[in-house]
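J.: Since chain Z is already given, all that's left is putting chain A on it; use the hints.
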Amino acid sequence: MIAAIATRVQSVYDRVGERNLSYLGVLALLAILPDLMGAFIASHIIVMAIFVMGYNIILGFGGELSFGHAAYFGLGAYGVILTLEHLVSSLYLAIPITVVAVTLLSVVFGYLSLRRRGIYFAMITLALAQLVYAIVFQMNELTGGSNGIAIPATEAPLGPLTPMSNELHFYALACALFLLSFVAIARIVNSPFGRVLKAIRESEERALHLGYDVNSYLWLAFAMSGALSALAGALYAVLFVFISPSLLFWQLSGEVVLMTIIGGVGTLTGPLVGAIVFIFFSNTLTSITEHWEIFFGAVIIGIVLLAPEGLIGLLRKAVLDDEKVFDLKRLIERLRP
Amino acid sequence: MASSILLNALPGVADTLFVPLQVEYYTAQLFNGLVLGMILVLISLGLTIIFGLLGVINFAHGDLLLVGTYVSWTVMDATGSFLLSIGAALVATLVLGMILERTLLRYTYGRHGALLQLLLTFGIAELIRGLVILVWGRTGKNFATPSWGSSSIDLVLFTYPVYRVFVIVAAAALIVAVYLFLNRTDLGLLIRAGTQDREMVDMLGIDVSRLYMLVFGIGVALAGTAGALIGPVRGAFPTLGIELLIPAFVVVVVGGLGSFRGSVVAGILIGELQVMTGVFYSEASQAIVFVFMALVLLVRPRGLFGQEGVVE
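Just so you know, the sequences run in chain order Z and A.
Take the first sequence: its letter number 88 is residue 87 in numbering that gives the first Met the number 0, and every next letter is one higher.
Take the second sequence: its letter number 130 is residue 129 in numbering that gives the first Met the number 0, and every next letter is one higher.
Note that these hints are calculated values from the structure, not bench results.
Just so we're clear, the structure is a prediction, and the values are computed from it rather than from any experiment.
For the chain Z half of the interface with chain A, some residues (derived, Cβ under 7 angstroms), not all of them: (1) L111; (2) R114; (3) G117; (4) I118; (5) A121; (6) M122; (7) I134; (8) Q137; (9) V256; (10) H290; (11) E292; (12) A297; (13) I299; (14) I300; (15) P307.
Glycine is no exception: its CB is placed at the ideal position from the N, C-alpha and C atoms.
So here's chain Z without its partners, still in its complex pose (with noise of 0.2 angstroms):
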């Protein structure tokens, strides 16, 4: 009975491949997560991986350390309100307006930081995204300072979708954009470019040797994270309504390297799984204790000491003797009796 089961699965497996298994994976997630959370903390969770698949093309596939991704999180979701209220009037041009501008920002700033590596890199992006945060926050007239600023009430219909009053409508707003930057990504990391990108990750010098660029390639991924960041950031300021000057702080950019962790670095669907634990998690922890900083700390001490390599790490470790290769194969074989 078992046997024969394993053989099917096999045989699926074997067909689809591992590849298209979890994309069918992410689809069927993205279809129970409403019914499962509700369609606010489901929209909030899709934002974010958003947010997460962006910063992983730096970090994932570039292996460069940004500390300072919340600039281009918090500059999207500012830029999508102050182009609103003084420059367009439909949501659905203020977007890309945003997504342009900030992504202008982040190929001024990534010209900047990518002049040093490592740990330099991580701190360059942390100063000049705390940069960001001291300016929003004293220009007081333009974006309320500390007490932050309300999205203008628009209908902003989409055919027959109304994303800014209804929920769901949101969520399937946010879905398509996410599919979109999924299959974007999945592309990106399978063409030449992307190739290139991972041989830098492996060995910068290698791929300078080989007579790269390297430089421009990893500008190049830091613009398109930047990118992808501001567009999240954008969503989210739709979804919240109201935000304040905490998405600019350092704390949004160690969460979504704490996500991508979670997640699995440099893999095309680490971003979402690591944004619905993390969602779930820190609702559920804000829900409980307004110390919730003792328990995010203590929570990453423990991801890095005990699963560096995030959850799906985690998971084929348990499960599988070879840590380095996700093989279902070899599952089904030891599940064979």
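T.: Then chain A, alone, in the frame of chain Z:
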């Protein structure tokens, strides 16, 4: 203080209106820059010596500084002796740093690389700030200036609060002490040797792991003492640590990571830059520091005193 508010509100007009006050006012501001600069030097010196030997950038540095501030506040509150409270902050953060190195950091050396170490210290930062908030509350504490420091001292050209002069002198003494420790003692020699080549020191039969613990403790204690010193100037509140850590990162980037001279020069430079910009155009006082960092990175990516290849 009244003059400073007016000057900030009317930057252009001030030059013509307050001529008699100007020299006194600007000299006092120069000293304020020195106070901030000295504090930044202490913080970034700690960062630098920890990085030099352990290869770890300590994101928890700011929140360990916070522990120093609050321990000092508590001891001051209980005993009324400010000198005792500084000593308590120094000892408490020294011990806390050594415990953290022994129980957490040491498990990450070599195994995971810089990414996870950074994340670990970020986690420690959150945990410690959470505990500080749990013990002392989320709202800030008013940190009284010790009675001997609340008067002003006449420095010929201008008068200046005694306490701030004390901060400058105490920080300078500490910096000199660290310099002498690193350059004139056997232990300091070992630490410098370890910074150059850890493996070699290990092979010579020296217990590097205990050296790590000591250096992390000393680095953290420098931050903790800085936290105690800045307490009466800034007050004690939970985000004080992060607020000071970020400019300290800028100091380290500008000065060159791992360079003692770089930390001292860049620390004072950044402190003066921030305060003096605040005098002329207060909106830019935060941003100017980062603009300066960007300029240094463009012209000299390794920092003013950084050596090529030492860090990366």
